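Trainee: Work out the full structure: start from the sequences and follow the hints.
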Amino acid sequence: MKSFLFLISSLLLLVSCKQEQQQSTNTALQTIKPLDSLSKKTAGTKLKTLSPESKKKVGSFDDYQSFEDLMITLESANPYYIQKYADSIDILISTVRENLSEDLKTKPIEARLKLLVTESGLLKDIAKENKPKATELLKANTKLILAYNSLAIQLNELTLAIPEDIEKELLRTTKNLRDSTQILKDEN
0 MKSFLFLISS
10 LLLLVSCKQE
20 QQQSTNTALQ
30 TIKPLDSLSK
40 KTAGTKLKTL
50 SPESKKKVGS
60 FDDYQSFEDL
70 MITLESANPY
80 YIQKYADSID
90 ILISTVRENL
100 SEDLKTKPIE
110 ARLKLLVTES
120 GLLKDIAKEN
130 KPKATELLKA
140 NTKLILAYNS
150 LAIQLNELTL
160 AIPEDIEKEL
170 LRTTKNLRDS
180 TQILKDEN
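Going by numbering that gives the first Met the number 0, the letters in the sequence shown line up with residues 0 to 187, in that order.
Worth flagging that the hints you see were computed from the coordinates, not collected in a lab. Keep in mind that a hint or two might mislead.
To be verified - Taking lysine-lysine pairs in the DSS-like style, the calculated list, with each CA pair at most 25 Å apart, reads:
#1 Lys45 <-> Lys1
#2 Lys55 <-> Lys104
#3 Lys47 <-> Lys142
#4 Lys1 <-> Lys83
#5 Lys104 <-> Lys83
#6 Lys54 <-> Lys113
#7 Lys45 <-> Lys138
#8 Lys132 <-> Lys142
Keep in mind it's a predicted model, so treat the numbers as computed, not measured.
Mentor: Below you can see the structure in the form of structure tokens.
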């Protein structure tokens, strides 16, 4: 009889512990809130704008224009929309990288594009999770925006100082100096 009572009490104890564990698991799942499309949280990092010369350079490059438009959207997007656009931005960055014009295929630009590919891949991985955390999406989006800013700065620098243009300017300056020194010699 004692063994029977011991068995029943052990069984009741196991059942009650199991129910408590399920309740704690349910509350843990409830603390991860689903992403809200009306959330006002954004990355808070501003995009760098391209210089007019850079805009002319990439103006005919439709893939870059689509990429830039989506980056502008992601700049003010909340975690819900960041998750929705993660696949699109990854595809656009890959497309821009593949279709880059020859005059823009420099090592610094390629390095910035590789960084963008990496950051968009991380964002895509976070977005594909079952229930991604809003803070993780915002952090990944901020890193993506910073990588884009790095590319924009590099494009601005490239258009300001294209080596061929610098060389032509130096040749003109040298020629002007020679001409002016020749004129001075002729006058003396």
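Trainee: Any of the earlier hints contradicted here, and which numbers?
Mentor: 1, 4, 5
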